[in-house]
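Asker: Sequence:
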Amino acid sequence: METGTTGTSVKASSLRWKILRQAILRKPNADEQSEIGIKRITRKTKQGFNLLPCHLVDDASHSSDVTVCYTLPIDSAPKLNLTQRMVDHAELSDFEICNKYNIDNTGLVCQWPSEEVLAYFCLSHADMFRSKRVIELGSGYGLAGLVIAAVTEASEVVISDGNPQVVDYIQHNIDANSKAFGGTRVKSMMLHWNQNEISNISSTFDLIVASDCTFFKEFHNGLAQIVKFLLGKVQPSEAIFLSPKRGDSLDKFLEKIKENDLRFSLQENYDAEIWKHHTEFMNGAVSWPSYQKDHCYPLLIRITV
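Quick note on numbering: numbering that gives the first Met the number 0 labels position 39 of the sequence shown as 38, and the sequence is numbered without any gaps.
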């Protein structure tokens with residue numbers, strides 16, 4: 000992602016260096032250093048919807064990365080292996096790159112719970128992707144895009160992010176799972192939301208997908224414009240966003256959608272299994288400490304030209 004003004008750039012830069020200082024000053028104890036398991040990786044923010052079973056593949060005690068194997072809950076679906084960062088691992092180069100490209104590093108820090116929900120939604124609604132050209136925006140490690148490529152028979156899947164480090168992880172994960180894609184073409188792309196030199200992909204996609212990409216208000220206009228730029232105009236096309244409300248952030252994004260002459264619909268209960276997990280968290284039947292509907296539960300937004 001890319002900021003749009005000098006003021007927001009300064010704020011983002013200050014926040015990144017504050018996070019860096021905390022990461023450098025924090026010294027893990029011996030127990031933390033020796034801990035091996037799923038909690039050591041940044042697959043989710045302490046808790047998730049647990050829609051896609053997964054397990055740690057390798058011992059990451061001597062590496063900044065780990066590999067997680069996802070078992071997709073449908074018959075004959077391939078397993079997907081995703082390499083991603085461990086929890087609490089930050090390097091100076093991470094923040095240097097953020098400042099150089101004027102981007103945030105949320106895709107590198109964590110794979111957010113909404114990405115898992117998006118991946119499950121795509122898995123459960125595979126027919127809508129068949130023979131379609133699909134792009135995922137702000138994809139992080141690429142779970143949803145890889146699921147689409149592996150199970151939906153899409154003609155092409157582009158998995159994109161604005162952070163070059165994240166794109167390196169995406170390409171690694173594409174290469175590691177290439178045998179799962181059948182005839183679907185799959186590629187990574189570095190894509191800023193207010194990037195101009197991308198005329199070769201204008202109006203070429205049938206479906207855009209994204210999860211939890213509406214939090215930073217300074218990116219809203221660029222995100223709305225890139226959606227309008229990428230959606231195909233010859234045949235029906237749409238963008239599918241899954242995003243929590245997060246205060247007024249989602250509402251502000253939808254205002255930008257309207258300002259860019261796009262239409263949208265908003266849906267709260269869009270999948271029976273996802274809704275079941277949400278209600279269990281809400282009533283305490285399943286533990287998710289500090290679960291808040293507006294902060295944690297992603298709404299479904301469908302955007303059309």
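Everything labelled a hint here was simulated from the structure, so no lab data went into it. Wrong hints could be hidden among the right ones.
Unchecked claim - Pair by pair, the computed Cβ-Cβ distance ranges are:
1. S63 <-> N98: 18 to 26 Å
2. V304 <-> E267: 18 to 26 Å
3. S201 <-> L265: 24 to 32 Å
4. A284 <-> R184: 22 to 30 Å
C-beta: ideal position from N, C-alpha, C; glycine also.
Asker: All hints are to be evaluated individually against the structure, with a verdict given for each.
Answerer: These are the hints, each one checked on the structure:
About 20 Å separates the C-beta atoms of S63 and N98, a value consistent with the hinted range of 18 to 26 Å. A hinted range of 18 to 26 Å for the beta carbons of V304 and E267 is consistent with their spacing of about 24 Å. Checked against the hint of 24 to 32 Å, the C-beta distance between S201 and L265 comes to roughly 27 Å, which is consistent with it. Roughly 42 Å separates the CB atoms of A284 and R184, a value that falls outside the hinted 22 to 30 Å.
Against the hints set out earlier in the document, a violation occurs for number 4 only.
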